[in-house]
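Novice: For reference, the chains in residue letters:
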Amino acid sequence: MGPSLSRERERGNRSRLNMLAFVIQRLLQSVVVMLTVALIAFALFNYVGDPINNMVGQDTTIADRERLRQELGLNDSFVVQFARFVGHAAQGNFGLSYQQARPVGQIILEKMPATLELSFVAAFLALLLGVPMGIYTGLHRDSWVSQAMLAVSLVGVSLPTFLIGILLILIFAVMLGWLPSFGRGTVVHIGWWTTGLLTVEGWRAIILPAITLALFQMTLIMRLVRAEMIEVLRTDYIKFARARGLTSRAVNFGHALKNTLVPVMTITGLQLGSIIAFAVITETVFQWPGMGLMFIQAVTFADIPVMAAYLVLVGFFFVVINLVVDLLYYVVDPRLRIEREAAGG
Amino acid sequence: MAEITAPGAPAVAGRPGRWRRFAENDLLWSFRRSPVTVAAAIVAALIIGASLLAPLIAPHDPYDLASLSLMDATDPPAWLADGNWSYPLGTDNQGRDVLSAILYGTRLSLGVGVSAVVLSLVLGVSLGLVAGWRGGIADTLIMRVADVQLSFPAILIALLIDGVARSILPRDQQNEITIYVLVTAIALSYWVHFARTVRGSTMVERNKEYIQAARVIGVHPARIVVGHLLPNVIGPVLVIATINLATAILTEATLSFLGVGLPPTEPSLGTLIRVGNDYLLSGDWWISIFPGIVLALLILSVNLLGDWLRDAFNPKLR
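So the sequences go chain by chain: A and B.
With the first sequence counted from 1, adding 73 to any position gets you my numbering.
With the second sequence counted from 1, adding 690 to any position gets you my numbering.
Since the hints were derived computationally from the structure, they do not count as laboratory data.
Since the model is a prediction, treat every value here as computed from it, not as a measurement.
Misleading hints may appear alongside valid ones.
[Unchecked claim] Sample of chain A residues with no beta-carbon within 12 Å of chain B, all distances over it, derived: (1) L306; (2) A314; (3) L319; (4) V404.
[Stated by the list, open to error] So, partial list: chain B residues that the calculated Cβ filter (under 8 Å) puts toward chain A: (5) V854; (6) N967; (7) L970; (8) L971.
Glycine is no exception: its CB is placed at the ideal position from the N, C-alpha and C atoms.
Construct the complete structure from the given sequences, taking the supplied hints into account.
Specialist: Written out as C-alpha cells, the structure is:
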C-alpha cells in the first residue's frame, strides 16, 4: 500500500510538472507568433508610403517635415521603433486612420461588437443544427434523410460564402420581402458596446448574415460528428455496452456521443477563428457595419493604420483561440496526458 | 495514336502497349465505377472547354466597348418577357452580353486558379524538398513558417497579402499588374500543404537504398533530388494540386467579389457577381446568378474529381 501510494503521488507531481511545461511552451509559441504578426504590421505601418506625407499638406517645408519626423520618433533605430509600436499596440493605440482622421482604436471599438455578435450567433447556430444532424446521420446511415442531408452538405461546402449570401438576399429580401438585405437594424447602446439583439429589427437583420456565415461551419460540424459517431460505434466498449443490455438511447448518447465531443470541441473552437475571418465576406455582402467591412474599405482606400490594426487584432484572436483550444484539449483528453508522460518519462 | 507510339514499340515488345496499360489501370477502373465522378468530369470538361473556346463560340466580345449600347442594358434572359435571343442570358448594366462575359470570365478565373496552383506547387515542392533533404536549420525555419501560416485560414492570408501589395504598388498601374498580384497572393497562401507532404515523403525516401546507392556512386546531390527523389514523392502532390485548384478558383472569386481582385474592365466570375450584386435589389438577378451558377458548378466538379483522385490513390481504401 505504502510504496504504491507514494508512486501514485510522484506520478501526480510529474504530471503536474508536465502540464506546466506544456503550458509554458505553448505560451512562448503564442508570444512568438504574435510578435511575428506585429512585426509584419509594423513593417507595413512604417515602410509602406511615407507616414509624414500622409499627415501634412503640400506646402510644409522640409525643415518642418524633419522636425515632425524627429518628434514622431521616425529617426530612431528599428528596434526602438518596433518596441514603441508593440507598446502602443498593446494599449490599443494604432494612430490615426488616413481615411477618417480618427484614432484607429476608437474605430475598431465601434465596429467590434457588430462582428463579435454576428460571429457568436453564427457559431451558436452552427452547433445547434450541426451536432444533432451529425448524430442523426451517424446513427441512421442509410436512411434517405441522411443521404439528403449529406448531399446538401456537399453543395453547402462547394458554394462560395458570398454566393449563399446573394441567394438568400434574392429569395428572402428581394422576392419575398420578409427580411432586410443590409445593415444591423436598430441597435441599443450599452456602455461602449452596441447590440442589435435587443430589438426586433436587430434580430430580423441578423438572420440572413448569420445563416450565411453558419452554413459552412454547420456542414463541417455535421460531417465531423457523423464520422466520429461511426468510428466510436465500432469500438469494443460500445459492443460491450450493448451486450450488457443497455438501452440504445443510453449507448448512443451516454457512451458514444460523449466520446465524439472532444474532436468536435477542438474543431469548433478553431472554426470560431475562421468565422471571424469569413465575416469579412459576409459583412461585405450584407453591408454589416463590422470590422470585416472596415478592413475591406481600408484595403480599397490604402488606409494602412487600419489595416495594420486589423492584422494585429485578428492575429491576436487566432493566437488566443488556438491556445485555449490546445489547453482545453489537454485538460479534456486524458490519453494526451499519458502520452506526454510516456514520452517525457 | 498507334502511329506515334510505333517507333518505340519494339523496345517494349512483350509488354502490353501503352494504350492497353492505360485502359486497364486501376485509376481508370475506379473512375468508370463512380457515376458521380464521371458526371463531375463531364461538367468540368464542358465548362473548361467552353471557356477555352470563348473567342470562337461567344456571341459577343465583352472587351469590345464599341459594340456596347446602353439601350440594351439590363435586358432579361431570352426566355422571359422583354428578352432577346441575341443575348441568351440577358445583359448587364452596360449592355454587355452575360453569356459572353461568363465565357471570358471563366477563362480568367481558370487562368488565375491554374497559375496560382502551379506557382504554389513549385514553391511548396522546392521548400519541402529542401526541408526534407537538408534537415537541420533550414527544416526548422521552413516548417515553423508553415505552422504559423497553417493556424490562419488561407483565404485570410491571401486577402492580407493582396491588400498589402495593393497599398504598396502605384495606383496608376494597378489594373495591369493586379492579375499577377492576385496569382502571387493565392500561391503564397497555399504552398504549405505541398511543402508538408513533400517534406514527409522526402524524409522517408532519403534513407532508402536507391538513394544511398546513387550517393555512393557519386551522383551530384542536386541530380539525386531532382532525378531520383522527386519522381517518387510527386504522386500525392498532384492530388493536392487538384483539390487546391478548386480552392484557388474559390479564393480568386472571393477576392474579386470583395473588390480587391480583378477589375471590372477584365471581369472574372467573381467580379461579374460583384457587379451584378449591385443590381440584385432592383430585381435584375441574372447578372449575378448565372456567373454564380457556373462558378458553383466549376468548384463542385473540380472538388469531386479531387476527392476521387484522393480516394483512388489511397491504398487504405482499396
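Novice: Hint by hint, note whether the structure agrees.
Specialist: Now for the hints, and whether the structure bears them out:
no.	hint	in the structure
1	L306	holds (20 Å)
2	A314	holds (28 Å)
3	L319	holds (32 Å)
4	V404	holds (20 Å)
5	V854	holds (6 Å)
6	N967	holds (6 Å)
7	L970	holds (6 Å)
8	L971	holds (6 Å)
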